[in-house]
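A.B. asks: Taken in order, these protein sequences are the chains called A and B. If you read the first sequence in our numbering, its first letter stands for residue 1, the second for the next number, and so on. If you read the second sequence in our numbering, its first letter stands for residue 483, the second for the next number, and so on.
Treat the hints as calculated values from the structure; they're not laboratory data. This structure is a prediction, so every number in the text was calculated from the model and none was measured. C-beta: ideal position from N, C-alpha, C; glycine also. Treat the hints loosely; a few may be bogus.
Claimed, not checked - Between beta-carbon pairs, the in silico distance windows are: (1) Leu365/A / Glu532/B: 49 to 55 angstroms; (2) Glu532/B / Ala336/A: 46 to 52 angstroms; (3) Arg263/A / Gly568/B: 28 to 34 angstroms; (4) Ala305/A / Ala548/B: 31 to 37 angstroms; (5) Val54/A / Ala488/B: 38 to 44 angstroms; (6) Met534/B / Asn361/A: 55 to 61 angstroms; (7) Ala305/A / Ala488/B: 51 to 57 angstroms.
Said to hold, decoys possible - Examples of chain B residues lying across from chain A (beta carbon under 8 angstroms, computed): (8) Arg484; (9) Arg491; (10) Val549; (11) Asp553; (12) Ala555; (13) Leu559; (14) Val572.
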Amino acid sequence: MTDSHPWQAVIGLEIHAQLSTTSKLFSDASTAYGADPNTQISAVDVALPGTLPVPNRAARDKAIRFGLAIGAQIARKSIFARKNYFYPDLSKGYQISQYELPIVGSGKLVVRTDDGRTLEVEIQRAHLEEDAGKSLHDVFHAATGIDFNRAGVPLLEIVSAPVLHSAQDAVAYMRTVHTLVRWLGICDGNMQEGSFRCDANVSVRPLGETKLGTRTEIKNVNSFRFVEKAIEYEIERQIRALENGERLVQETRLYDAAHHHTRPMRSKEDADDYRYFPDPDLPPLMVTDTDIATIRAGLPELPQARRQRYLETLGLSDADAAQLCADKATADYFEAVLTALPGQAKLCANWVLGELAAALNAGGLAIESSRVSAVAFAHLLRRVHDATISGKIAKDVFAAMWTGEGDADAIIETRGLTQISDVGALAAAVDAVLVEFPVQLADYRGGNEKLLQFFVGQIMKRTRGQANPQQLNTLLREKLHS
Amino acid sequence: MRIDPAIVRRIARLARLSIADGDLARVAGELTRVLDLADQLADAPLAGVEPMAHPQALALSWRDDAVTASDDAGTLLALAPEARGGLYLVPKVIE
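Just chain A, with the same shape it has in the complex (with noise of 0.2 angstroms):
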């Protein structure tokens, strides 16, 4: 936890991506949110007897897809199979999924943490399985309702290793595939409906010891925040444990938020033995040079590679260049409004970073949706880049473009908000404010330069806030030094 403390935290994630597909792994029924209960399920979700499972090929590309872009052996040959537990939101009795032979192998995702560190995060591999049904505990007194909709829906399990030391990096790995897999187009991410969700591995050694200690799994936490605290508290649990003398046990912990702690899950007691076999309905997967080309060729920039040609091409900051691709809409945004103004990449980023994240955060909207589009917005940009208008009175006018007044140069027309750069404009207002105070204008002759601000303010609210600053600035400084 703190460096002062001899303990190493030691922490693996298996997340549950989604894959975007319109219907289930095994079945042609429909996967959409938000249905009434049982109404998107066929016989094989709920498992009659008679049924077999015919795969969707989409879900087995969109792995496909995940696995060439972590650089990941994809399995010309991989196999289905059965995970046995009871439950009932479990139809037949196990989940398909697949154990020995995964169709993606071992590969690695860069993470670039809050405070700015690079970690290579090796994931072990990714597997296609399906979801179980929704169990409702609270609907009904004396019984459980079970929902099947969601059972079949195809999963991409993907799992770090071991490799991760504190919950704010594992909690940036999470962020790193988060925006891998909407990036891809494979999963929408949606946390709040499920489409991403992640169990976390967690054991406590002493700093140095290269054996792992015994760990627990802290099960389906859907929230970044939720799985940072989740995994606090489990380490500092542990650490307490450990110190007081205690042996830890093997299990799986559940996290409750409004407590703010983990607890034992009952129901998970048995579970330790699936029993795995390969599933007899369902013959090898496989896959051929053809697909694994085909898709490959169909892969976009990837967001490392994307950051880096921000860093290295365009010149943006680090800073700057992690959060534009932090998802890809933002990024394609920002290349639209670059592709409209080239070579004005800073400033394109700044504005895209600023201006417009704050009025799409304002009004709660995706970028997708913006209400100024990338067209429009580097018309804006190219006023302040030519100094038709100051960066202070873009502000305005974009203010003016996002609740639908028209196109910047309308704008700027009609409030006649064309800055000054005239010089004889400029220099009688310079004059006539340096005769209108005259004991301040002494005071900075004197030697008060703070003073040169209070020029600067007088003069623009004479102008209007339309003098072009950087003209004003020498204008002003020749001649108070005149």
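Assemble chain B onto chain A, guided by the hints.
C.D. replies: The following block gives chain B in isolation, referenced to the frame of chain A:
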């Protein structure tokens, strides 16, 4: 491999099978004989033979990603021993 009564009890619990204590020794003996039979395969020369996941030399056939299911919810729910409000009902599960 020797199966003892403790193993039988454990796998019976995992499989939700009820085996009377008096039957444990007999079942253990029967399972041991089944496994002994399978163990004879260990003597077969298997170097270079890939483990078999499926007895037939088939590859999976794929379905296109489309929703073609008709809404069978009513028919399917009607098969359940108990259903209410569109939900299958089971005895209360306490987490």
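A.B. asks: Which hints from the list above does the structure break, by number from lowest to highest?
C.D. replies: Violated: hints 8, 9.
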